[in-house]
Amino acid sequence: MKILVIEDEKSLVQSIETYLSKTGFIVESACDFRSAYEKIDLYSYDIILLDITLPYGNGLDLISLIKEINPETGIIIISAKDSLDDKIKGLDLGSDDYLTKPFYLSELNSRINALIRRRRFKGSGKVIFNEITIDFDEKTARVGDEKIPLTKKEFELLLYFISNKNRVVTKESIAGHLWGDDIDSIDSFDFIYTHLNNLRRKIRQCGGNDYVQTMYGMGYKFAEK
Amino acid sequence: MKLLRKINKAFIAASVGILLGGLVALYLILSVMFDQEIKESLSTSEIRIQQTLSKLNTEFNFPPFLEITKADTLLPWYYKDTLFPDPVDGEPEPFTGLHTFRNINGNIYQITVRTSSVENEDIAVSLFWGLGGLLLAFVLIIYLANRRITVQLWKPFYRNLRKIKEFSVSDDQPPVLESSSIQEFNQLFATIGGLMEKGINDYKNLKQFTENAAHELQTPLAVIDSKIENLINTGFPTEIQMKLFSDINREVRRLSSLNKSLLLLAKIENGQFDQKTSVDFGEILNQQIENLLEMAELKKLTLTRELSEYPVKEMNREMAGILVSNLLMNAIRHTAEGGKIHIISSKNSIEFSNSGLADIPESSRLFERFYKGEASSPSAGLGLAIVNSICTHFNIKIYYTFFEKMHRFRLQF
Numbered sequence: 001m002k003i004l005v006i007e008d009e010k011s012l013v014q015s016i017e018t019y020l021s022k023t024g025f026i027v028e029s030a031c032d033f034r035s036a037y038e039k040i041d042l043y044s045y046d047i048i049l050l051d052i053t054l055p056y057g058n059g060l061d062l063i064s065l066i067k068e069i070n071p072e073t074g075i076i077i078i079s080a081k082d083s084l085d086d087k088i089k090g091l092d093l094g095s096d097d098y099l100t101k102p103f104y105l106s107e108l109n110s111r112i113n114a115l116i117r118r119r120r121f122k123g124s125g126k127v128i129f130n131e132i133t134i135d136f137d138e139k140t141a142r143v144g145d146e147k148i149p150l151t152k153k154e155f156e157l158l159l160y161f162i163s164n165k166n167r168v169v170t171k172e173s174i175a176g177h178l179w180g181d182d183i184d185s186i187d188s189f190d191f192i193y194t195h196l197n198n199l200r201r202k203i204r205q206c207g208g209n210d211y212v213q214t215m216y217g218m219g220y221k222f223a224e225k
Numbered sequence: 001m002k003l004l005r006k007i008n009k010a011f012i013a014a015s016v017g018i019l020l021g022g023l024v025a026l027y028l029i030l031s032v033m034f035d036q037e038i039k040e041s042l043s044t045s046e047i048r049i050q051q052t053l054s055k056l057n058t059e060f061n062f063p064p065f066l067e068i069t070k071a072d073t074l075l076p077w078y079y080k081d082t083l084f085p086d087p088v089d090g091e092p093e094p095f096t097g098l099h100t101f102r103n104i105n106g107n108i109y110q111i112t113v114r115t116s117s118v119e120n121e122d123i124a125v126s127l128f129w130g131l132g133g134l135l136l137a138f139v140l141i142i143y144l145a146n147r148r149i150t151v152q153l154w155k156p157f158y159r160n161l162r163k164i165k166e167f168s169v170s171d172d173q174p175p176v177l178e179s180s181s182i183q184e185f186n187q188l189f190a191t192i193g194g195l196m197e198k199g200i201n202d203y204k205n206l207k208q209f210t211e212n213a214a215h216e217l218q219t220p221l222a223v224i225d226s227k228i229e230n231l232i233n234t235g236f237p238t239e240i241q242m243k244l245f246s247d248i249n250r251e252v253r254r255l256s257s258l259n260k261s262l263l264l265l266a267k268i269e270n271g272q273f274d275q276k277t278s279v280d281f282g283e284i285l286n287q288q289i290e291n292l293l294e295m296a297e298l299k300k301l302t303l304t305r306e307l308s309e310y311p312v313k314e315m316n317r318e319m320a321g322i323l324v325s326n327l328l329m330n331a332i333r334h335t336a337e338g339g340k341i342h343i344i345s346s347k348n349s350i351e352f353s354n355s356g357l358a359d360i361p362e363s364s365r366l367f368e369r370f371y372k373g374e375a376s377s378p379s380a381g382l383g384l385a386i387v388n389s390i391c392t393h394f395n396i397k398i399y400y401t402f403f404e405k406m407h408r409f410r411l412q413f
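Chains as they are written, first to last, in the working numbering: chain A, 1 to 225; chain B, 1 to 413.
Treat the hints with caution; some may be incorrect.
[Claimed, not checked] Simulated pairs of lysine to any residue, SDA-like, Cα-Cα distance not exceeding 25 Å:
{"id": "1", "chain 1": "A", "residue 1": "Lys221", "chain 2": "B", "residue 2": "Ser246"}
{"id": "2", "chain 1": "A", "residue 1": "Lys221", "chain 2": "B", "residue 2": "Leu244"}
{"id": "3", "chain 1": "A", "residue 1": "Lys221", "chain 2": "B", "residue 2": "Asp247"}
{"id": "4", "chain 1": "A", "residue 1": "Lys10", "chain 2": "B", "residue 2": "Ala213"}
[Claimed, not checked] Computed spacing ranges between beta-carbons, pair by pair:
{"id": "5", "chain 1": "A", "residue 1": "Asp85", "chain 2": "B", "residue 2": "Asp247", "range": "34 to 40 Å"}
{"id": "6", "chain 1": "B", "residue 1": "Lys243", "chain 2": "A", "residue 2": "Ile26", "range": "48 to 54 Å"}
{"id": "7", "chain 1": "A", "residue 1": "Asp85", "chain 2": "B", "residue 2": "Thr304", "range": "48 to 54 Å"}
{"id": "8", "chain 1": "B", "residue 1": "Thr302", "chain 2": "A", "residue 2": "Arg204", "range": "30 to 36 Å"}
{"id": "9", "chain 1": "A", "residue 1": "Leu91", "chain 2": "B", "residue 2": "Glu404", "range": "47 to 53 Å"}
{"id": "10", "chain 1": "A", "residue 1": "Phe189", "chain 2": "B", "residue 2": "Ser308", "range": "44 to 50 Å"}
{"id": "11", "chain 1": "B", "residue 1": "Asp171", "chain 2": "A", "residue 2": "Ile26", "range": "53 to 59 Å"}
{"id": "12", "chain 1": "B", "residue 1": "Thr304", "chain 2": "A", "residue 2": "Ile26", "range": "53 to 59 Å"}
{"id": "13", "chain 1": "B", "residue 1": "Gly235", "chain 2": "A", "residue 2": "Asp85", "range": "54 to 60 Å"}
Hints were generated in silico from the structure; no laboratory data involved. By construction, the Cβ of each residue, glycine as well, lies at the ideal position given by its N, Cα and C atoms.
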């Protein structure tokens with residue numbers, strides 16, 4: 001999976017590259033309008049991350065360009081501006097998603113995966129982690145054949161973990177993913193704890209292993225021990 | 001005291017002074033003049049009579065105008081005023097008389113010549129009243145005209161004054177001030193106009209600066225965030241290292257949250273959320289309650305609502321959402337486990353109440369930025385400031401009371 005990151009803030013690009021390549025993506029980058037234009041023209045990518053506040057030209061123009069040259073590419077806009085206008089304009093022009101800085105890399109990862117699923121598999125298909133299977137058509141999770149009775153939030157949580165498997169996911173990023181950025185994450189830690197415990201219990205009850213490891217103070221990691 | 005009144009006061013005082021003084025002087029002068037005239041006329045008459053007496057050599061009388069009597073000695077001449085009854089109505093009438101003593105053809109006579117001074121007095125009085133009235137009317141007319149003119153002149157001044165009173169630095173444009181025919185006013189208004197414009201610009205710049213600063217802060221915060229996320233996934237951090245990362249992370253989170261809130265506040269005040277539509281608060285309330293119901297349930301809170309009637313208002317939809325969710329979140333956050341939350345709305349109000357132990361201290365400062373009711377609360381204290389900003393911006397009133405062991409936040413539309 002090839003990802004192009006179009007972002008002028010170099011240290012942010014580095015962080016994104018580091019994280020995503022560990023997850024298994026091939027990451028390239030461009031730091032201004034002109035070099036982005038060249039890359040888009042020459043190569044094709046599965047996903048393009050685009051910062052619309054680029055120097056030397058409005059990033060929104062790049063969206064039209066990408067759509068022209070390679071309409072199959074998924075586009076996620078990242079922006080420091082929480083501007084509703086830009087969001088709407090971007091979505092209208094053909095972008096698929098919008099993330100506001102600052103964002104969690106695990107959230108970014110999760111969105112990229114969701115976008116790939118949508119584009120490649122039209123939102124269907126399955127994701128498998130050992131004995132746990134997530135079926136997008138049915139919107140269910142199973143241990144082997146047995147369906148795990150999960151609430152919507154618990155399902156989202158499990159999917160988030162699996163998308164970010166083997167990485168430490170912070171409590172804050174979980175909170176942001178489940179309830180949106182507006183909620184002050186400080187309030188929600190107890191809720192995360194409760195949801196998580198319910199999830200783990202239900203998986204165990206269906207015979208599955210508990211892959212959730214607590215990373216002291218920071219968050220959790222979904223991985224094989 | 002008002003300028004008009006001050007001027008008029010002086011004017012009237014001067015006028016009245018001059019009027020009175022003038023009339024008194026006039027009366028005295030006239031009296032003296034009449035007196036002189038009478039005396040002269042009497043004198044002339046007396047000479048004629050004396051000549052006639054000299055020729056005729058007999059006494060003749062025509063009282064009260066003329067009396068001739070024999071006298072013993074020549075005495076000094078004198079004037080004397082007397083009263084004689086009017087033949088028609090019997091009223092005593094004043095006469096002025098000249099008494100002379102002459103030696104005519106060897107005999108000493110006292111000649112008394114009198115003339116009625118009624119007319120003179122009447123004339124004096126009439127003149128007095130007439131002129132007085134005239135002068136008074138004159139003063140009055142001038143006063144009224146003066147008043148009228150000055151009121152006209154002041155009208156544009158007062159209109160401008162009202163515009164200036166209503167001015168606020170957060171206005172888009174300074175008000176246009178009327179020019180007047182008075183130079184001093186124009187100078188004053190030009191200067192004030194300049195001041196107002198400068199105020200608006202300075203304020204705009206300040207607000208823009210706040211927004212820009214908060215905006216700029218987001219990127220470095222994002223970078224720190226991402227570095228930490230990578231750090232925790234690099235190698236095998238020890239427990240001590242994880243604790244440190246956790247501490248750093250917590251502080252960065254707080255910074256980030258604070259910055260986000262500040263940015264939102266700045267944007268609200270910069271009018272970024274001015275697009276309005278008709279907002280159905282019933283819909284918003286139910287939506288937000290559904291969103292946060294889970295949180296309430298996890299804290300074992302009983303949430304009840306009475307939303308059969310609700311306000312509908314022209315405002316920004318996003319801001320309405322934030323308003324409601326902030327107040328709701330606030331209620332959930334500050335209610336102890338097992339407590340109650342009740343939301344009730346009417347056509348022009350919404351009240352969020354939650355159970356609590358005691359009144360929030362210094363509740364007048366509740367809506368200030370960074371004020372926290374309990375010092376131990378981990379939130380930055382901006383939630384209610386944002387609520388306040390939205391309310392101010394869209395003309396909604398907000399009240400806090402503590403009644404029957406419930407904190408009550410009431411929005412009045």
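Evaluated hints:
1. A:Lys221 <-> B:Ser246: Distance ~15 Å between Lys221 of chain A and Ser246 of chain B Cα, so the pair holds.
2. A:Lys221 <-> B:Leu244: holds (18 Å)
3. A:Lys221 <-> B:Asp247: holds (18 Å)
4. A:Lys10 <-> B:Ala213: Answer holds: Lys10 of chain A to Ala213 of chain B is near 20 Å, not above 25 Å.
5. A:Asp85 <-> B:Asp247: 34 to 40 Å: holds (38 Å)
6. B:Lys243 <-> A:Ile26: 48 to 54 Å: With Cβ atoms ~35 Å apart, the hint is violated.
7. A:Asp85 <-> B:Thr304: 48 to 54 Å: violated (38 Å)
8. B:Thr302 <-> A:Arg204: 30 to 36 Å: Given a distance of about 32 Å, which is inside 30 to 36 Å, the answer is holds.
9. A:Leu91 <-> B:Glu404: 47 to 53 Å: Since the Cβ atoms of Leu91 of chain A and Glu404 of chain B sit about 48 Å apart, the hinted range of 47 to 53 Å holds.
10. A:Phe189 <-> B:Ser308: 44 to 50 Å: Taking Cβ atoms as reference, Phe189 of chain A and Ser308 of chain B lie about 36 Å apart, which means the hint is violated.
11. B:Asp171 <-> A:Ile26: 53 to 59 Å: Because 55 Å falls inside the window, the suggested range holds.
12. B:Thr304 <-> A:Ile26: 53 to 59 Å: Given range 53 to 59 Å: holds, Cβ gap about 54 Å.
13. B:Gly235 <-> A:Asp85: 54 to 60 Å: Violated, since Gly235 of chain B and Asp85 of chain A (Cβ atoms, about 43 Å apart) do not stay within the stated range.
Hint compliance for this structure: hints 6, 7, 10, 13 are not met, and every other hint is.
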